[in-house]
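Protein chains: 2
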Amino acid sequence: MNVEKAAVVGLGVIGGSLAKALNAAGIEVMGIDMDDETLLKARKDGVISHDSFNINEGDEKYFEPLKKADVVFLAIPVMDIVPVMRRLAPFFKKDAVVTDTGGTKRFLVNSINFELPEGVEFIGGHPMAGSEKSGYDHSREDLFLNAPYILTPTPENTKTSVETLKKVVSKIGAIPYVVAAEEHDRIIAAVSHLPQVVATSLAAAIGELDEGGEWLKLAGRGFKDTTRIAASSFKIWRDVFITNGDEIIKMIRLYEKKLEELAEAIESKDEGRIKKIFYEAKRCVERGENCGGGHRGQKEN
Amino acid sequence: MNVEKAAVVGLGVIGGSLAKALNAAGIEVMGIDMDDETLLKARKDGVISHDSFNINEGDEKYFEPLKKADVVFLAIPVMDIVPVMRRLAPFFKKDAVVTDTGGTKRFLVNSINFELPEGVEFIGGHPMAGSEKSGYDHSREDLFLNAPYILTPTPENTKTSVETLKKVVSKIGAIPYVVAAEEHDRIIAAVSHLPQVVATSLAAAIGELDEGGEWLKLAGRGFKDTTRIAASSFKIWRDVFITNGDEIIKMIRLYEKKLEELAEAIESKDEGRIKKIFYEAKRCVERGENCGGGHRGQKEN
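Quick note, the sequences are listed as chains A and S, same order.
Heads up: the first sequence runs through residues 1 to 301, numbered per UniProt numbering.
Heads up: the second sequence runs through residues 1 to 301, numbered per UniProt numbering.
Looking at chain A on its own, in the form it has when it is part of the complex:
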């Protein structure tokens, strides 16, 4: 399918960046948000079309233009996706591909408890790009450049729809990866959700120790980089923690074992064991250095 028009629901940092990137790739974008000011800003930026509308608009006649969108992106917190999709479903174009940008995937696949209109397909999506800053004001056209973009089709999806979505993802500069929902949730629990838990706990612990804020004045870049993502949106992460808790807990337990191993090595001044763990870590970081993409300090996942 040739994608000429797309709709983006939720013009936050991810949705706003999607709208900007799609628009830059020559795809007309309809913006859907619940905040008039955000819609106005995106309109003024020339990012979204006249067809854009406020989803809280009482009169559903404004939803009609959605019937022109070949692809619909739901860029909203995980637990809002199904209710919003149900609400908009009657207005989806026949053969439209509907996708989301949520951080967990099993939950969605298991929660779509209603029929999509004939020919409409839902394919889970997860761009490995984001920001610790929230809102349209922090969105950027190049957010997805060289970033991995995971798609989690089910056996029910047609090859055509998957190919359509992969093409759109490539058009915004991201690198599409097709992964099963279960595998996505396990892998991302390790490489995204665990780092978030670790950064959040670290910043919360230091915040408690340093009530007066005097210690942080002496902190260097290491503290800042390690805790940067702890400033991310709570609403986004609450949904991720709740819908992927089982996999996240498994990863926390594995991490705690490694942390304890290092703590014991430090406590007993065991140079050899410190060295072993240090080099395991170094190898992992160096291996990951050329993986993934995006802009330092702009990704959250």
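Rather than coming from a laboratory, the hints here were simulated on the basis of the structure.
Accuracy of the hints is not assured; some may be wrong.
Copies of the same chain are indistinguishable here, so a pair counts whether it falls within one copy or spans any two.
Unchecked claim - In silico lysine-lysine, BS3-like type, Cα no more than 25 Å apart, as pairs:
{"hint": "1", "residue 1": "Lys250", "residue 2": "Lys276"}
{"hint": "2", "residue 1": "Lys133", "residue 2": "Lys217"}
{"hint": "3", "residue 1": "Lys159", "residue 2": "Lys250"}
{"hint": "4", "residue 1": "Lys61", "residue 2": "Lys235"}
{"hint": "5", "residue 1": "Lys67", "residue 2": "Lys44"}
{"hint": "6", "residue 1": "Lys166", "residue 2": "Lys217"}
{"hint": "7", "residue 1": "Lys167", "residue 2": "Lys41"}
{"hint": "8", "residue 1": "Lys133", "residue 2": "Lys275"}
{"hint": "9", "residue 1": "Lys41", "residue 2": "Lys68"}
{"hint": "10", "residue 1": "Lys235", "residue 2": "Lys275"}
{"hint": "11", "residue 1": "Lys93", "residue 2": "Lys171"}
{"hint": "12", "residue 1": "Lys166", "residue 2": "Lys44"}
{"hint": "13", "residue 1": "Lys250", "residue 2": "Lys93"}
Got chain A; can you put chain S on it based on the hints?
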């Protein structure tokens, strides 16, 4: 004292950056290293003077020019500082201020078990700047710009020497803070050593899970920022872990409690508790945002 000449011992990423910054500030720098190639590079860069020498040079007549240095920086691993200082001590200028750049301070104060020449003073120093990359090739003139630079004088130091060192630190663009050695070791265990332990454990844990390297391809910026410092120099960190183990272990225990609190909240899907910890963390990060200085991705401490 007016500082016209300085010596930098160890032209790694910190020492090399010090040499470049001092040189740019109009202070003549003598470079001392054990690697001829590094000395040659720094000479070619116009960063260090003809007086520079290889510390492994058998004939100590080459050490003579050190007698001209008003300030000596020992930019080498913590446990090497005392032996190197003892070796060079006979060549220190009368009234010279000797300082280091090590990440722990109590150990040094307690280890200087020899007399410095008359009028020579040692004042511990710790620039809160660094890099996960090692070696002279990664050094940069602006590494210390707006970075905190901690000085840990003892009651035995004269006010004149402390002021001299503060002035030099300001000249390279850093912000001097005077802190007692014990306090330094406690605060830095929280804001620098704990983040290193956390990043190292996280990267080592993920490295073990992702033996094939397939998972890291899907990682975003969050993983990279959170683990960046895990690629830092082992030799530097081994000495820090061993000489500040007691304070580091205390911080790890406090952190583990917070991590467990968050893990339990996730496991029981307790939104309220997740929120509480999330906002504690967010406040800490936001409070720290305008503190410290330097260049994203260039600091390690």
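*Between the shortest in-copy and the shortest cross-copy C-alpha distance, which are at most 25 Å for Lys235 and Lys275: within, between, both, or neither?*
between (39 Å within a copy, 9 Å between copies)
*Same-copy or cross-copy closeness of Lys93 to Lys171 [CA-CA at most 25 Å]*: within (21 Å within a copy, 65 Å between copies)
*Is it within, between, both or neither when you check Lys250 against Lys93 at 25 Å Cα-Cα?*
Classified as neither; 41 Å inside a copy, 59 Å across copies.
*Tell me, please, which holds for Lys133 and Lys217 at an alpha-carbon limit of 25 Å: within, between, both or neither?*
Close inside one copy (22 Å) and across copies (24 Å); limit 25 Å.
*Is it within, between, both, or neither for Lys133 and Lys275, if the alpha carbons may be no more than 25 Å apart?*
between (36 Å within a copy, 17 Å between copies)
_25 Å Cα threshold - placement of Lys41 relative to Lys167_ = neither (28 Å within a copy, 49 Å between copies)
_Intra- versus inter-subunit Cα pairing at 25 Å for Lys166 with Lys217_ = Classified as between; 17 Å across copies, 46 Å inside a copy.
*Within, between, both or neither: Lys159, Lys250 at alpha-carbon 25 Å*: neither (33 Å within a copy, 55 Å between copies)
*Up to 25 Å CA-CA - Lys44 versus Lys166, copy category*: Intra 29 Å, inter 51 Å, cutoff 25 Å: neither.
*Identical-chain pair category, Lys61 with Lys235, by Cα at 25 Å*: Neither: 30 Å inside a chain and 67 Å across chains, both beyond 25 Å.
*How would you label the pair Lys250, Lys276 (within, between, both, or neither) given a Cα cut-off of 25 Å?*
both (23 Å within a copy, 22 Å between copies)
*Pop the pair Lys67 and Lys44 into one bin, within, between, both or neither, using alpha-carbon distances up to 25 Å.*
For Lys67 and Lys44, only the intra-copy Cα distance (23 Å) is at most 25 Å; the inter-copy one is 67 Å.
This entry does not satisfy hints 3, 4, 7, 12, 13, going by the numbered hints stated previously.
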